[in-house]
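Engineer: So the protein lines, in turn, are chains A and B. Under numbering that gives the first Met the number 0, the letters of the first sequence match residues 0 to 136, in that order. Under numbering that gives the first Met the number 0, the letters of the second sequence match residues 0 to 104, in that order.
Keep in mind the hints are simulated off the structure, nothing from the lab. Quantities reported herein were computed from a predicted structural model and do not represent experimental measurements. A hint or two may mislead.
[Said to hold, decoys possible] Lysine to aspartate or glutamate pairs mimicking EDC-like chemistry, simulated, CA-CA at most 20 Å apart:
#, chain 1, residue 1, chain 2, residue 2
1, B, Lys-32, A, Asp-13
2, B, Lys-35, A, Glu-10
3, A, Lys-26, A, Glu-136
4, B, Lys-34, A, Asp-13
5, B, Lys-71, A, Asp-92
[Stated by the list, open to error] Every beta carbon over 10 Å from chain A, so not counted as near; a handful from chain B, in silico:
#, residue
6, Lys-16
7, Arg-18
8, Thr-20
9, Lys-22
10, Glu-39
11, Lys-44
12, Ile-49
Virtual Cβ for every residue (Gly too), placed ideally from N, Cα, C.
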Amino acid sequence: MKEMAIDATIENLDSVLDFIGAQMSEKNISEELLNNIKTAAEEIFDNIAQYAYKPSSGAGSAIIRVDFIDKDVIIEFEDGGVPYNPLEKKNPDITIPAMERSIGGLGIFMAKKIMDTIEYKYKKNKNILTMKKRVSE
Amino acid sequence: MNNDNFTIMEENIGEKKVRLTAKGQITATTADKLKKKLDEVVSKKNNYIIINMSGVSFLSSGGIRVLLMYYKIMNGNGGSFFIQDPSSNVSNVLGMVALEEMLYK
Chain A
0 MKEMAIDATI ENLDSVLDFI GAQMSEKNIS EELLNNIKTA AEEIFDNIAQ YAYKPSSGAG
60 SAIIRVDFID KDVIIEFEDG GVPYNPLEKK NPDITIPAME RSIGGLGIFM AKKIMDTIEY
120 KYKKNKNILT MKKRVSE
Chain B
0 MNNDNFTIME ENIGEKKVRL TAKGQITATT ADKLKKKLDE VVSKKNNYII INMSGVSFLS
60 SGGIRVLLMY YKIMNGNGGS FFIQDPSSNV SNVLGMVALE EMLYK
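Sequences are here, hints too, so could you generate the full structure?
Structural biologist: Shown next as structure tokens:
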């Protein structure tokens, strides 16, 4: 398992995606699948950067772990911010025309669609979000 | 992935008509650059915007939010807003959220 600890600010998004991409590059994963996994990871990190830490408490940190178990990649995000479960966000209605859509909520919906499973828990004052995706046959 | 990985070019293609050519990766950070460009183009009273996305290798949900926002602004004002020639990643993510209607046909 590889681990990265980083300040949870949106400026660090590229470093997080690069870190995840670097772990995946050792595996034989298609570009499309890698891009999809990055899309999901971006949404989760973006949520932490936006909501986990209040301005009064200053920037906090996040830990990102990438592991490969059997045929799956497992990516875990941990932060010590306020309890926040992004999976509770209501799914957008994607059957209605674009003009009637609301702007928000698409990201977490996409992450749920892309990954095989996403689980959230709040444990020992930490938000822990674990997502899994099969990456090999 | 960094900011240098995203560029957007503007060209006039007629009376109040603009084509934007986006290249690179549209992440939560670079989506802001796209938004600024669209703001600028909309504020010049253009009523037709087409964005060529053949060179966009990664489109995030943040990027889709920006595109949807301006699609709604333009169409709400009687204008037009299209995505032209999407890359496979752009097609894939727009399909995921059923927003293919933004594509130029």
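Engineer: All hints, please: hold or fail.
Structural biologist: Hint check results:
1. Lys-32(B) x Asp-13(A): Judged against 20 Å, a Cα distance of about 15 Å means the pair holds.
2. Lys-35(B) x Glu-10(A): holds, 18 Å
3. Lys-26(A) x Glu-136(A): holds, 12 Å
4. Lys-34(B) x Asp-13(A): holds, 19 Å
5. Lys-71(B) x Asp-92(A): holds, 16 Å
6. Lys-16: holds, 21 Å
7. Arg-18: At about 20 Å from chain A, Arg-18(B) clears the 10 Å cut-off, so the statement holds.
8. Thr-20: Consistent with the label, Thr-20(B) stays out of reach of chain A, its closest Cβ about 20 Å off (over 10 Å).
9. Lys-22: Its Cβ never comes within 10 Å of chain A, the nearest being 16 Å, so this holds.
10. Glu-39: The claim stands: Glu-39(B) keeps its Cβ more than 10 Å from every Cβ of chain A (closest is about 20 Å).
11. Lys-44: holds, 21 Å
12. Ile-49: holds, 16 Å
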